[in-house]
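Just so you know, the sequences run in chain order A and B.
When you line the first sequence up against our numbering, it's residues 1 to 342, in that order.
When you line the second sequence up against our numbering, it's residues 1 to 342, in that order.
Since the hints were made in silico from the structure, they are not lab data.
No incorrect hints appear here.
The list makes no distinction among identical chains, and a pair is therefore deemed to hold if it is satisfied within one copy or across any two copies.
In silico lysine to aspartate or glutamate, DMTMM-like type, Cα no more than 25 Å apart, as pairs: (1) Lys271 with Glu285; (2) Lys271 with Glu65; (3) Lys271 with Asp228; (4) Lys271 with Asp56; (5) Lys167 with Asp181; (6) Lys271 with Asp282; (7) Lys267 with Glu65; (8) Lys62 with Asp236; (9) Lys62 with Asp282; (10) Lys267 with Asp56; (11) Lys267 with Asp282; (12) Lys267 with Asp228; (13) Lys62 with Asp213; (14) Lys111 with Asp2; (15) Lys267 with Glu256; (16) Lys144 with Asp282; (17) Lys267 with Asp236; (18) Lys271 with Asp259; (19) Lys111 with Glu31.
Okay, here's what each chain looks like letter by letter:
2 protein chains.
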Amino acid sequence: MDKNQQYILAQRPIGMPDEHSLKLQDSALPEPGEGQALLKTIYLSLDPYMRGRMNDAASYAKSVELGEVMGGQTISEVVVSNSPAVSAGDYVLSSNGWQRYAVANADTLVKLDPAQAPISTGVGVLGMPGFTAYVGLLQFGQPKQGDTVVVSAAAGAVGQVVGQIAKMRGCRVVGVAGAPDKCDHVVREYGFDVCVNYKDDDFEAQLAKACPDGIDIYFENVGGRVFDAVMTLVNDFARIPVCGRIAHYNQTSLPEGPDRLVPFMGKILVKRLMLRGFIQSDHLEHLADFRRDMSQWIRDGKIHYQEDIVDGLENTVSAFQGLLQGKNRGKMLVRVAPDPTR
Amino acid sequence: MDKNQQYILAQRPIGMPDEHSLKLQDSALPEPGEGQALLKTIYLSLDPYMRGRMNDAASYAKSVELGEVMGGQTISEVVVSNSPAVSAGDYVLSSNGWQRYAVANADTLVKLDPAQAPISTGVGVLGMPGFTAYVGLLQFGQPKQGDTVVVSAAAGAVGQVVGQIAKMRGCRVVGVAGAPDKCDHVVREYGFDVCVNYKDDDFEAQLAKACPDGIDIYFENVGGRVFDAVMTLVNDFARIPVCGRIAHYNQTSLPEGPDRLVPFMGKILVKRLMLRGFIQSDHLEHLADFRRDMSQWIRDGKIHYQEDIVDGLENTVSAFQGLLQGKNRGKMLVRVAPDPTR
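Chain A extracted, bound-state conformation:
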């Protein structure tokens, strides 16, 4: 049988993570104990929040310790099971991290049915990113018919779902993405009303033109130039679910002044804005509703999705770098082993 291979957090990255911070090492295949299963990774999910877990600083997700396997959700196949809960050959959602094999307690695993949906969607549109979009938009964005909703990272795993749900709610949906093909895709495949490229020189003017009635909801995934432009266009009572700030995750120092925090707080007051940081795992009481709704929407063709799959565990670091740079096209996955269901 195969040996195991793992990415170890060797040192905390300063700025962009690379092969110095994340080292690929061989290791022995782990042995499942009673109630446990040996799992083989088919897909490893790559998500922007992972950058924060590489830092020492306190965050909502526990830091990965130096010398530990880098964490992450996986879609895995059960190789050996010492539990009645799962059987060899089952496909499961687990959190095995950046490695080929892992042992997990069988009662932590969520079984996936390849007949219902591609198993990869368990870490995508039917998993954490889809649920993030669902909770963030519906609970904190509070979309109403006719609202203008701006979605940053519109082509990404979360953004693509946010926009499609907002369309179902009767909103005008304006995407922001970082490449012409992403913008095209978002409009053509997901039905966004318009999508603007934040790398264009006249991005701010384009965004203003795309939002003739101002902005009622801004789904914040990115920060940076997009956030600044949005803030000049927000309407009274705008809602800003704060989901991510990917433009800043690799920053190593505070931006130069002036200090814009003071006028920003003034704007919150004058415009009566609502900002709410959130993380999906705080809202699991909505998970059953999400699974029911999202499965139905996919069956009905109301939600489309795109995956960006890189082959080979050894390409994980470069794929993750690409994700932080916006090089991905949709939900980023590493296919660690062939998917027997496709």
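Since chain A is already given, all that's left is putting chain B on it; use the hints.
Relative to the frame of chain A, chain B by itself:
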């Protein structure tokens, strides 16, 4: 009969307003038309929001135009009435601004009963400041038993009410004020658990000690050093109703860098904070509940209040300067004419 006197906005203040920006002028007594009443100002309410109305910049309240009488709520006596809605001798809440006399449409007036409560409370604990506290804390602060609530400008018209309502809800209430006698008063008269002076050198350490379990709600009235200290102590899921930012109202330039907006947004995300700017007039659907609850609380001795009354219209500018500098002790009022009910 008396002539009228009015404060005219002569020029937009840069920094602190003074006698150059607000000029006292004599004018003729206005004549009430059909359906109108001639009103004599007894109390003029002074409130921090007025500073914003002196600016040209768009805010939630319309700017006062140059050459116009400076606006504001008043407690007035009806001198002449050409309407069945009010009679000479009635006491009414109106918005007559900084002047001795004014004509108002009778159907805009709210009659006050001196037998129920001192008429001055119509612009204080039973009026706009009290309602601001009630709506901001209950709707956006969402206080729960055992929460730690920090109230800035704790001795002011809004802060004193916020703290007392929070105590009724079973919270630990920590006041922040700018003078030892204010802090003493807040603890002794309003039952705050503790109050910290933000002018003390070790204010940050005192606040941390006063909040051993962190901060769940911060009722933001001031900005500046208090806001910065609070932000280092907020708990996950803290709620921050943004009511005012008095420390910044006279600022004429942006503070120096670094730009703290970026890490602030990161904190909103990581701590899952909720910030909500609000203004009481957007929430009039709660006004009847407020009037019922607050009247009852005052009768039951559960809410105490303090007024700071300056005599003489000609002292309005210096009183307003004092308010912006925190020199007032409680709700700031100018007694423009004797109050016949006390």
